[in-house]
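Chemist: One letter stands for each residue in the lines below.
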Amino acid sequence: MRLIVGYLATPSGDDGLALGVRLARTLGAQLDLCIVLPPDRVLPGLVSIGGYDEILAEQAQGWLDAAAATVPDDVEVATHVSFSESFAEGLITESARLQAEAIVVGAAGDGLIGRYSIGSVTSELLHSAPVPLALAPRGTRHSKIDRVREVTCALGRREGADLLLATAVRASAAAATPLRLVSLVALDPMFGTLRGDGEAARERALAHARRTLDAAKADLPEGFPVTSTITDGPSVEAAVNKLDWHDGDLIMVGSSRLGAPRRLFLGSTAAKMLRVLEVPMVVVPREQLGVEDLP
Amino acid sequence: MTTPDEQLHRAEEQAGLVSKGLAAGKVGTFSGAILGISSVAPGYTLTASIGLIVAAVGLKMPAIFIAGFIPMFLTAYAYRELNSRAPDCGASFTWSTKAFGPYVGWMCGWGMVIATIIVLSNLAAIAVEFFYLFIAELVNQPSIADLAYNTAVNIISTLVFLGLATFIASRGITTSERVQYILVGFQMLVLLVFAVVAIAHVGRGDAPAGLSFDLDWLNPFSGLALGAFVIGVTGSIFAFWGWDTCLTLGEESKDPTKVPGRAGLLCVTTILLTYLLVAVAVMMYAGVGEEGLGLGNEENSSNVFAALADPVLGTVGGLVLYLAVFASAVASLQTTFLPAARAMLAMGAYGAFPKKFAEVSPRFLTPSFSTAIAGIVTGVFYTAVSLLSESVLLDTIAALGIMICWYYGITAFACIWYFRRELFTSARNVVFKFVFPLVGGLILAAVFIVSIKESMNPENGSGASIGGIGLVFYMGFGILFLGAVLMLVMRARSPAFFKDRTLRSSVLPETVE
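Chains as they are written, first to last, in the working numbering: chain A, 111 to 405; chain B, 7 to 519.
Read the hints as simulated data drawn from the structure, not as lab findings. All values reported here derive from a predicted model rather than from experimental measurement. It cannot be assumed that every hint is accurate.
Partial list, computed: chain B residues near chain A (C-beta under 8 Å) [to be verified]:
| no. | residue |
| --- | --- |
| 1 | 93 |
| 2 | 348 |
| 3 | 351 |
| 4 | 355 |
With a straight-line cut-off of 20 Å between C-alpha atoms, the simulated DMTMM-like cross-links for lysine to aspartate or glutamate are [unchecked claim]:
| no. | chain 1 | residue 1 | chain 2 | residue 2 |
| --- | --- | --- | --- | --- |
| 5 | A | 327 | A | 234 |
| 6 | A | 352 | A | 309 |
| 7 | A | 382 | A | 359 |
| 8 | B | 361 | A | 164 |
| 9 | A | 352 | A | 324 |
| 10 | B | 361 | A | 168 |
| 11 | A | 254 | A | 347 |
| 12 | A | 352 | A | 234 |
| 13 | B | 361 | A | 163 |
| 14 | A | 382 | A | 332 |
| 15 | B | 362 | A | 183 |
| 16 | A | 254 | A | 184 |
| 17 | B | 362 | A | 234 |
| 18 | A | 254 | A | 357 |
| 19 | B | 362 | A | 163 |
| 20 | A | 352 | A | 388 |
| 21 | A | 382 | A | 234 |
| 22 | A | 254 | A | 163 |
We treat Cβ as the ideally placed atom computed from N, Cα and C, and that holds for glycine.
Construct all of the structure, not just a fragment, from the sequences and the given hints.
Modeler: Structure below.
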């Protein structure tokens, strides 16, 4: 199994690297550190354009080597420099080339303002990556945790959850970590739910959570630790904050139904969770890539 | 999961996307020529250089355009030959270091950096001037246009433009080719319409001067003093600066054996013809008198289109012309930051400048420090010149011509010396590696020497002087002298480059002693 880390020699790049190491160790995967450089396709200026790519690539390789040197010995690591107009596009190309199972990036932007928002590359990936995308929250680089402790899978009620569940089950089986299934119920008075009362919505969520728990259990080896929780709150943010979170937890969410099949599209629920959570989040595409999807 | 991924991988490999991420072979003859034209920015160039040339040579302006074109054309071949053998983003700096050693190389690199700094300041100034002209015309408030001539407002606006451009460049944001195509098309169309309408005015007899065309305008060898001729040529050299880049598109072209040559030729012909057409048209329309709309009028000479746009094209047409020149200057301001920063990056990487210059921003993957320095130095330079000179635009263009002669000239000779072992191995080499660079280099050297001498006389610039010696002299020779001093400081601080240590390893077998 290979994991791609989209790396920049910035704090958020180090966040992504730290999460990559943690995931690689948990899953027994190999890390591929990738930097994507802007190709020198800009207009020829007043001097010739040769050689600039090389200087840039050399510098990028230097950053990658320094980053790879910080990866502990028990994790196998390779480095790659590639060129693309967009960092996100370059990472997606690399993930196809290296047959990576997931892309790992630091979620936060860099710079003074960007620290509290999602970085531009991350945001682009959230709307286009064909493989699961792992997002390291700000500050992951300082964490001492070396393995994933527990996988939490946030399941919705609507279509598209099956692949998410299957991926979560597979991931927690590969990592030999417990799996926690959660169903988040936001009880805000939205149109259409006005007539229903909170109790009925809660009942439906509970029944749904029970069903998914049964489905998950069927795939797991006998005695695999799986729990199911339902939390509610006036908003998704409040609901997700009610859960107990520990260092080393990981949350997996599905992508929005609005997204194109087999491409990520961060749904509104997931986006809200990302804002309040301090644990890494893995966003799983709605459908698996199939043979017919090849370009 | 692996099977579909494997196939995806294979498909991408077949599509050639994996290798370097670059879609090779995209530039064709036409787009190559467009890229070349966009790097010359004809709208901006013409408005900045016509006044200087007319002030020096009057009606001989078209001839001077041809005279300036010749050395630039010949030297461009030196660039092409060097670039195809030893591509390097240090360009002139790297090549002249390899050919003549660290001292000449350093001074050549310095000239290149300063030339881009000067042109950045000029571009920003033109952009500011046309920005206010455009706004004034748009809201019909002529007083707004005068803001550009208020020194304080002018300096502040220019610094704001420079700051924005530096910021954009340091973030690695560049104009796409598509935008450049539109800009170039727009500029060329507006210039063409301008020239045709101006000539039509002459035909109808309602032009202020209404001169009829004279073939003698194209003859540089009659009725010109050497000094005037050379000053004119420095302006014209500036006008042709930059188009040689379309000769260096080689490897990215659709057909590397034919496309670059054709693109270069198409670009050169287009530019030369456009210049000649516009030059002839404005002379026929306005004449070279020193009063009214005459091109020799000092009030108009630094910015000819500003004065002629309305009379020739009317209010709406004038507005469009302002917009074209403004867009041309802004786009060029943006693209010119790249070579400025990269030249410094290369000099930093080879140890000729402090190592800090070679830094690449880990976040934006651009030479951030060099870009910032380019912006800051340009701002300081512009502010200083604005406070000293009455006509910044004119003086900066004159100084720029001197600087271009310096480093293009060195590069031309560097080409001959670099290839000295193979100059006479084939007829092609004799022409492109020896004769063309030699003649081009000799002309540039002659122009450099004479223009340094002429620039001491304040009458040949805007009239600004320090201690009776023209400001242009200080901006030309003075800055080169400052470079020599800085070079000695650098040698004392980090001698590795000057002991031939940092660049020697990359010298090609042919030139190893």
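Chemist: Now tell me, hint by hint, if it's right for this structure.
Modeler: Status of each hint after checking the structure:
A distance limit of 8 Å between C-beta atoms decides the matter here; for residue 93 (chain B) the minimum to chain A is near 2 Å, and the interface restraint holds. The interface hint given for residue 348 (chain B) is met, as the beta carbon of that residue sits about 6 Å from the closest beta carbon of chain A, less than 8 Å. Evaluation of the residue 351 (chain B) hint against chain A yields a held restraint, the C-beta minimum of about 7 Å falling below 8 Å. The interface hint given for residue 355 (chain B) is met, as the beta carbon of that residue sits about 6 Å from the closest beta carbon of chain A, less than 8 Å.
Restraint check for residue 327 (chain A) and residue 234 (chain A): not satisfied, since their Cα atoms lie roughly 35 Å apart, outside the 20 Å limit. At roughly 18 Å between alpha-carbon atoms, residue 352 (chain A) and residue 309 (chain A) fall within 20 Å of each other, so this suggested pair holds. At roughly 18 Å between alpha-carbon atoms, residue 382 (chain A) and residue 359 (chain A) fall within 20 Å of each other, so this suggested pair holds. Pair hint residue 361 (chain B) plus residue 164 (chain A) holds up; C-alpha atoms about 17 Å apart against a cutoff of 20 Å.
The straight-line distance between the Cα atoms of residue 352 (chain A) and residue 324 (chain A) is roughly 24 Å, outside the 20 Å bound, and the hint therefore fails. The hinted pair formed by residue 361 (chain B) and residue 168 (chain A) meets the criterion: a straight-line CA distance of about 15 Å does not exceed 20 Å. Between the alpha carbons of residue 254 (chain A) and residue 347 (chain A) the distance comes to roughly 26 Å, so the proposed pair goes past 20 Å and is violated. Distance check on the hinted pair: residue 352 (chain A) and residue 234 (chain A) sit about 29 Å apart at the alpha-carbon level, beyond 20 Å; violated.
Among the hinted pairs, residue 361 (chain B) with residue 163 (chain A) is consistent with the structure: their alpha-carbon atoms are about 19 Å apart, no more than 20 Å. This hinted pair does not check out: residue 382 (chain A) and residue 332 (chain A) have alpha carbons roughly 35 Å apart, beyond 20 Å. For the proposed pair residue 362 (chain B) and residue 183 (chain A), the alpha carbon gap of about 33 Å is over 20 Å, so the pair is violated. Of the supplied pair hints, the one linking residue 254 (chain A) and residue 184 (chain A) holds, its CA atoms being roughly 16 Å apart against a limit of 20 Å.
As the CA atoms of residue 362 (chain B) and residue 234 (chain A) are separated by approximately 32 Å, the hinted pair breaks the 20 Å bound. Proximity of residue 254 (chain A) to residue 357 (chain A) is assessed by CA-CA distance (about 9 Å); at most 20 Å being required, the pair is judged to hold. The hinted pair formed by residue 362 (chain B) and residue 163 (chain A) meets the criterion: a straight-line CA distance of about 19 Å does not exceed 20 Å. For the given pair, residue 352 (chain A) sits about 13 Å from residue 388 (chain A) by alpha-carbon distance, which is consistent with the 20 Å threshold.
Among the hinted pairs, residue 382 (chain A) with residue 234 (chain A) is consistent with the structure: their alpha-carbon atoms are about 17 Å apart, no more than 20 Å. For the hint linking residue 254 (chain A) to residue 163 (chain A), the alpha-carbon distance of about 37 Å lies beyond 20 Å, and the restraint is violated.
In this structure, the hints that do not hold are numbers 5, 9, 11, 12, 14, 15, 17 and 22, in rising order.
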